[in-house]
Amino acid sequence: MQDTLIKKIFDVDEVRRDFPILNREIDGKPLVYLDNAATSQKPVSVINAISDYYSRYNANIHRGVYSISMEASAAYENARISVKEFINAASEREIIFTRGTTEAINLVAYSYGLQNVNEGSEVIVSELEHHANIVPWQVLCQNRKAHLKVIPVNEKGELVIEEYKKLLSDKTAIVAVSHISNSLGTINPVKEIVRLAKAKNPKIAVLIDGAQAIHHTHVDVRDIGADFYAFSGHKMYGPMGIGVLYGRESLLEAMPPYQTGGDMISRVSFEGTTYNELPMKFEAGTPNVEGAVGLNAAIDYINSIGFGAIEEQEKMLLDHATEEILKIDGIRIIGTSQNKASVLSFVVNGLNALDIGIMLDTHGVAVRTGQHCTEPLMDKLCLPGTVRASFAFYNTKEEVDVFIKALKKVIDILK
Amino acid sequence: MTQLKSIQETEEEITDEFSFFDNWQDKYEYLIELGKKLNDYPESERNDDNKVKGCQSSVWLTTTGSNGTIDFKADSDSTIVKGLIALLVRVLSGRTPDEILNAKLDFIDKIGLKQHLAQTRANGLAAMIKQMKMYALAYKAKQQN
Chain A
1 MQDTLIKKIF
11 DVDEVRRDFP
21 ILNREIDGKP
31 LVYLDNAATS
41 QKPVSVINAI
51 SDYYSRYNAN
61 IHRGVYSISM
71 EASAAYENAR
81 ISVKEFINAA
91 SEREIIFTRG
101 TTEAINLVAY
111 SYGLQNVNEG
121 SEVIVSELEH
131 HANIVPWQVL
141 CQNRKAHLKV
151 IPVNEKGELV
161 IEEYKKLLSD
171 KTAIVAVSHI
181 SNSLGTINPV
191 KEIVRLAKAK
201 NPKIAVLIDG
211 AQAIHHTHVD
221 VRDIGADFYA
231 FSGHKMYGPM
241 GIGVLYGRES
251 LLEAMPPYQT
261 GGDMISRVSF
271 EGTTYNELPM
281 KFEAGTPNVE
291 GAVGLNAAID
301 YINSIGFGAI
311 EEQEKMLLDH
321 ATEEILKIDG
331 IRIIGTSQNK
341 ASVLSFVVNG
351 LNALDIGIML
361 DTHGVAVRTG
371 QHCTEPLMDK
381 LCLPGTVRAS
391 FAFYNTKEEV
401 DVFIKALKKV
411 IDILK
Chain B
1001 MTQLKSIQET
1011 EEEITDEFSF
1021 FDNWQDKYEY
1031 LIELGKKLND
1041 YPESERNDDN
1051 KVKGCQSSVW
1061 LTTTGSNGTI
1071 DFKADSDSTI
1081 VKGLIALLVR
1091 VLSGRTPDEI
1101 LNAKLDFIDK
1111 IGLKQHLAQT
1121 RANGLAAMIK
1131 QMKMYALAYK
1141 AKQQN
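Chains as they are written, first to last, in the working numbering: chain A, 1 to 415; chain B, 1001 to 1145.
Bound conformation, chain A alone:
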């Protein structure tokens, strides 16, 4: 009993031992992995869970009557229950496994969108969005002769909520915005965004792209109040190729299937087909069982560290990096909101981001450069691209120092 009352002490060196890849060297230098917003590294528990699945109980699921198939089915459905609890959904029927955030958004755009967006309807996105939360809506709008409306950002990289209020109208069918910006790290006021949409018209569906939020902060979908919330396993220390669409059950029930085939049907004849119940209705074909198993292990891992410790460590890293980088001449940080996740996007006067990225790699430092799949945002900010360092809880203050020292050297060489 007493054990549960003792707060586990966060020890970054201990945590790093869980991630085998962090021991890698690049050209003789220790890898400093600062591209966590693109994908996160995997703890050994996730790697082992996948290996264990293939070593002990790999079988196709939901239909087999033999032991290992039933074990695999149970593991897959247990992962769904874990996800439900992790994001506080009302029921596991609200948890649809997808390939990732992109597929989850496409599912909503094609299934809910084609059913509910009509000629003259409006879909609202924001200037901060990743292409994955722009293009599906753009295509839907073209298809339906509907209009795409865009919430602008201010010079700090924050959404201008006053402008959003003006965009909400009787024609608004869907609002789709990110929880956290992948390029700038801005944390958007998603609860407020949902509240404003619902106040305008309860029938407006709100989708939150949570790809950049799910691993940084505790997400409670019922507290946020969105109709849909999408995220990817690989950003949250789980495997690639698995993601989640949370959807409000009443909406999912009314939506047509997105893809058709096996597992999503109830009965098939040449005269007609009836569909399976939720969530299977949206999971045609053999699903990604290894992905679900790995995702479940990743959720366990996050819970064992705790969001309190994760947020504290990531804030320390961001604050330290921000302070140190601003001491370098010619640096401009892009995205200066007070509400920021551990993403540091910047430009160096007169230097090309690609050159900086390539040269940092020669010091073992992995960062992302370019437009970060947010071309409209870069156009708005009149930037050809930025250098982006993004931190995870397993990064250390010393790694930030290596990055800053390398950056100074790289700038000297390129100038």
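Just so you know, these hints were derived from the structure itself, not from any lab.
Backbone N, C-alpha and C define an ideal beta-carbon position, used for all residues, glycine too.
Take every hint as true, because none was put in to throw you off.
Below, simulated SDA-like cross-link-like pairs (lysine to any residue); rule was C-alpha separation at most 20 Å, straight line:
hint, chain 1, residue 1, chain 2, residue 2
1, A, LYS29, B, GLU1029
2, A, LYS397, A, LYS409
3, A, LYS29, B, GLN1025
Covered stretches of chain B, going by a simulated chain A footprint (3 or more residues, C-beta under 8 Å):
hint, segment
4, 1024-1036
5, 1066-1080
Chain A is fixed; fit chain B onto it per the hints.
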């Protein structure tokens, strides 16, 4: 006037130069040096017509043809890409269209840059080579007409 070395000889020369460096940092620093030394490209030529688009860097490429050979002039907003341009210009400028079209350019592989650079579309290296060969093809077609 000194005899222009063959494509083969020039590629070997470059491979030799890069063999002095045993790590990536030095190789890239050499490319940066070459990039910085690349002659000034006329501002007026930095237009959309001459642009070869890479995902993360822009390249501008112009050509002049005389006496059956082609000269290349190019620029980029990335110094490393400019270094690559300097190498390509050194190998391919002053050649006939057939020489350019047949050039294997395996020096990129030999100096180890292929593995590092050609696998990502970020730098536009492949697009640049393709564009140079396209010019050679167009010039050849014009000559034959």
